[in-house]
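Novice: Okay, here's what each chain looks like letter by letter:
2 protein chains.
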Amino acid sequence: MTREELYQNIKKKKSFLCIGLDTDLKKIPRHLHKSSDPIFEFNKQIIDATHDLGVAYKPNVAFYESLGSAGWEALEKTADYLKNFKDIFTIADAKRGDIGNTSSMYAQAFFGLMDFDSITVAPYMGEDSVTPFLQYEGKWAILLALTSNKGANDFQTSCLTPNPSPKERGTEGIKLFEQVLKISQQWGNADNMMYVVGATQAQMLSGVRKIVPDHFLLVPGVGAQGGSLQEVAKYGMNKQCGLLVNSSRNIIYASDKEDFAAKARVEAMKMQKEMEKLLVNI
Amino acid sequence: MTREELYQNIKKKKSFLCIGLDTDLKKIPRHLHKSSDPIFEFNKQIIDATHDLGVAYKPNVAFYESLGSAGWEALEKTADYLKNFKDIFTIADAKRGDIGNTSSMYAQAFFGLMDFDSITVAPYMGEDSVTPFLQYEGKWAILLALTSNKGANDFQTSCLTPNPSPKERGTEGIKLFEQVLKISQQWGNADNMMYVVGATQAQMLSGVRKIVPDHFLLVPGVGAQGGSLQEVAKYGMNKQCGLLVNSSRNIIYASDKEDFAAKARVEAMKMQKEMEKLLVNI
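Chain order of the listed sequences is A and B. Counting along the first sequence from 1, when you hit position 76 you're at 957 in my numbering, and nothing is skipped either side. Counting along the second sequence from 1, when you hit position 70 you're at 951 in my numbering, and nothing is skipped either side.
Isolated chain A (complex conformation) (with noise of 0.2 Å):
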């Protein structure tokens, strides 16, 4: 999918909503147990509830990981399903990143096998570990800048002056995750990439949108992590939207009964609601 055509999704179903297929054995409804792939099933009549709401479906992968090749097998389903819809984008959350050779095997599960549109990657070892992500026409690489976890204050904010020179020395350093947006944008463009960046430090995205004006932000943390969506819209929001903001347990795990799937459309409802009020100059 193409920015134009996710801009224009947006407009159209008036959200900017990203729905976290964070799907749990443990969690989901206890009667779709007697279903030959409960998590298949689970992720199927969540989508067929929400479809017209969310612009977006994040798997996140650890949770089929976590169930062997069975779960990736429910993985695979849920991404062949998914693309029936063709207003929706689709991300791998899955935070990978390798040395080029083993990345390009990892392009090739999301993108050559699964076909996703865009997956998340972690980006500690550099450019070639990220570009071959990049190679792919019509796909995106969303790069972890600032996370939504405590964690993120061990490196990802701390101060950075890279290849210093005596005479830069003494200046105040950027933060690394500025540094990841700004060197990352040699390696792809608003076309190729966008960028994590948690709700919960909400008002860092002014700075982040000095650095990265065009760029979509996938934007976690709202909801269960604390995050406000109207901060969020405030201090990120561009002329094209620019927003894809996730929401996983919130919905869809709003009832364990059978009316799972409809009370995790009236909250996924609310949530577009609240969207259509912040869209309004878009």
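Heads up, a few of these hints could be off.
[Stated by the list, open to error] Taking lysine to any residue pairs in the SDA-like style, the calculated list, with each CA pair at most 20 Å apart, reads: (1) B:K1056 / A:C1040; (2) B:K892 / B:M1118; (3) B:K908 / A:S947; (4) A:K964 / B:G949; (5) A:K1031 / B:N1162; (6) B:K958 / A:S947; (7) A:K958 / B:S950; (8) A:K1158 / A:E1112; (9) A:K964 / B:S950; (10) B:K908 / A:G993; (11) A:K908 / B:K1063; (12) B:K925 / B:D905; (13) B:K1020 / A:S947; (14) A:K1031 / B:G981; (15) B:K1115 / B:D1095; (16) B:K1063 / A:T1038; (17) A:K907 / B:Q989; (18) A:K1056 / B:T1038.
[Said to hold, decoys possible] Pairwise CB distance ranges, derived in the manner of DEER restraints: (19) B:N965 / A:N1034: 27 to 33 Å; (20) B:Q1016 / A:Q1066: 35 to 41 Å; (21) B:Y962 / A:H914: 41 to 47 Å.
[Stated by the list, open to error] Covered stretches of chain A (in silico footprint by chain B; criterion: 3 or more residues with CB under 8 Å from a CB of chain B, positions within the stretch not fixed): (22) 908-922; (23) 1026-1033; (24) 1056-1064; (25) 1147-1155.
I should point out that these hints are in silico values taken from the structure, not numbers from a laboratory. Here the structure is a predicted model, which means the values were calculated and not measured. No residue lacks a Cβ here, since even glycine has one placed at the ideal position from N, Cα and C.
Go by the hints and put chain B onto chain A.
Specialist: This is chain B only, laid out in the frame that chain A set:
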């Protein structure tokens, strides 16, 4: 496996060789394609031919994922097969890392379900992305510090001054990978954490040893990537050896004919013999 057991295996086998199972359908001998599971069949024959020469095996998870659920099954079978060898340390080279509840799912996949001894973990997301891997008795997290690829110089070697106070300004910062080594010691210890340090930057190993004298280091990059075993031993060895040096392609693809396992043994033995000389004082 405990650190003492790993050390005893190194002494017994006179080897600190880790064999990387980067198993690729395109590169394995053609005759194996007749097998019902060519990937597992290849791994099994490599393991059978070399298990007395190596102390560790490291399946590169990307190669299995690129084949979808069939690849995941081959990985599960390989992990299971390796458990037959009590003197083998197993490494899931997965470079995972996510927010706490998600990292717990990855730990469940690789420790709960597949019973690997260890997993490689990317440090970018900080403490809560790593600690879920440290909750399993007898298991290890192997944290990326300084990797063997070109992109290692994009962020890992950047100079960094964490939370600079006015007093600290003007002092030269430590490098990001050194900060990873330092900070992560608050999360675990030499009995449940190791670090990846690439052989292509062997001269950096003496600096690494000043920060982590006792930890085992997993060293990729010898062979295909150009690192030198002698240099790695010179700068990186400690009194319990403290090194696992990986070789993948040089060993497992020594031949693409029916003699592939025998030829892999020849290459593995060359490395073991070199290592034996370097271990004289251990």
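Novice: Each of the hints needs a verdict: does it hold here or not?
Specialist: Hints and how they fare:
no.	hint	verdict
1	B:K1056 / A:C1040	11 Å, holds
2	B:K892 / B:M1118	14 Å, holds
3	B:K908 / A:S947	29 Å, violated
4	A:K964 / B:G949	17 Å, holds
5	A:K1031 / B:N1162	44 Å, violated
6	B:K958 / A:S947	16 Å, holds
7	A:K958 / B:S950	11 Å, holds
8	A:K1158 / A:E1112	13 Å, holds
9	A:K964 / B:S950	19 Å, holds
10	B:K908 / A:G993	19 Å, holds
11	A:K908 / B:K1063	38 Å, violated
12	B:K925 / B:D905	14 Å, holds
13	B:K1020 / A:S947	17 Å, holds
14	A:K1031 / B:G981	9 Å, holds
15	B:K1115 / B:D1095	15 Å, holds
16	B:K1063 / A:T1038	16 Å, holds
17	A:K907 / B:Q989	13 Å, holds
18	A:K1056 / B:T1038	14 Å, holds
19	B:N965 / A:N1034: 27 to 33 Å	44 Å, violated
20	B:Q1016 / A:Q1066: 35 to 41 Å	38 Å, holds
21	B:Y962 / A:H914: 41 to 47 Å	31 Å, violated
22	908-922	violated (count 0)
23	1026-1033	holds (count 6)
24	1056-1064	holds (count 4)
25	1147-1155	violated (count 0)
Going through the hint list in order, the structure does not satisfy hints 3, 5, 11, 19, 21, 22 and 25.
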